[in-house]
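Chemist: All chains should be built: construct the whole structure from the sequences, respecting the hints.
Here the sequence shown is numbered in the working numbering, starting from 3 and rising by one per residue.
Heads up, some of the hints might be wrong.
Below, a list of computed lysine to any residue pairs in the SDA-like style, where the Cα atoms sit at most 20 Å apart [to be verified]:
1) Lys323 with Asp209
2) Lys323 with Arg193
3) Lys323 with Ser335
4) Lys323 with Arg201
5) Lys323 with Glu116
Everything labelled a hint here was simulated from the structure, so no lab data went into it.
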Amino acid sequence: MDANTDSATGTDTATGTDTAIGSAGSPLPLPLAVGLVVNPRSGTDVRRAVAAAGAVTIEDKANVVRRVVLGAREAGVNRFVVHTDTHRIVQRATETMRGLDLHWLDHEMTFTEEDTVAAVAAMRDLGCGVVVVLGGDGTNRAAARAWPDLVVVPLSTGTNNAFPVLAEATIAGAAAGHVATGRVPVDEVTRRAMVVRVRPDGASAPDDLALVDAVAVDDPYLGSFELFEPANLRTAVLSRADPASVGFSGVGGLIKPVGCDEDAGLLLRFGPAEDCDRVVRGPTAPGHYADLGLAEVRRLEPGEEVEVNGPLLLAFDGERKRRLVAGERVHLSVVRDGPRVVDVADVMARVAADGAYVFPGKV
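Modeler: Okay, structure coming up:
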């Protein structure tokens, strides 16, 4: 919900109970509620023009939302905290469903990732047991900024996504429902994500994070936010390095894999390909490979800090977010204190063992 959103609830009373929740009051917590975050812009950026990334349409997202809701309802959840957007994605997904209890967040929109931050913070305050996020690494990063203890089922509708889980939306919704109802112990079916923390020089604590990669770029322009020119790359700190993924996680994985379950990270320092002893040809975007010169590659221990000095741009999870001026310095480290990611397969294995979907026949 990072952009293309407005503050109109767009409620459809035929779907059930629709309640608008604004920022003025202090609504009571909603028991057995699942939060839904849908980024209408995910899967639509410039990589469709400069690489071979496919588009994720509004209809695609509405279909995913519909399956998530249907799966969660089968698990015993009928209450959802949702946000609005100008494409009416949730309304499209649920307009034929009867008896839904939809609680609409009504916040003034900024058309930035702060909209996701505000929505997830409200879901936290309303007591949502789990949040299903439809978006990419950047959308999930915004959600994690809002709620450090977030319990999340991240579903990919973006590009270069290394953080979202691979799960069919119906089953992901069912798993979210079982977590929300307490049928499975949340501490046993979730695991804290390894993330990259960003600490300004002189500060006692980090003030930002990346879920997958923090990359320093020697480029004076924010541009379209995405990263394409290898000559501008300087340093990357990765919380995971998966050779089966696309983007910097995939590039790192082709050199020195680091699994998301490992308590480690990976440091990459780049240089001109013609001046480096090693060059990796990696998939920096879907259908797009580039030659990247490697000046240094090594694993990072948890909490080990990497110093980055300006003037540079810092990109978090593929989007340029922070400018360091000359003389400014930050420290990057990988730590396992990110959001709690639901293990969908583990949840479903547990409820299957309990016979959750089996009942006596009529014979």
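Chemist: Does each hint fit the structure? Answer for all of them.
Modeler: Hints versus structure:
For the hint linking Lys323 to Asp209, the alpha-carbon distance of about 13 Å falls within 20 Å, and the restraint holds. The straight-line distance between the Cα atoms of Lys323 and Arg193 is roughly 27 Å, outside the 20 Å bound, and the hint therefore fails. Proximity of Lys323 to Ser335 is assessed by CA-CA distance (about 17 Å); at most 20 Å being required, the pair is judged to hold. With a C-alpha separation of about 15 Å, the suggested pairing of Lys323 with Arg201 holds against the 20 Å cut-off.
Proximity of Lys323 to Glu116 is assessed by CA-CA distance (about 13 Å); at most 20 Å being required, the pair is judged to hold.
Hint check: a violation occurs at hint 2 only; the rest are consistent with the structure.
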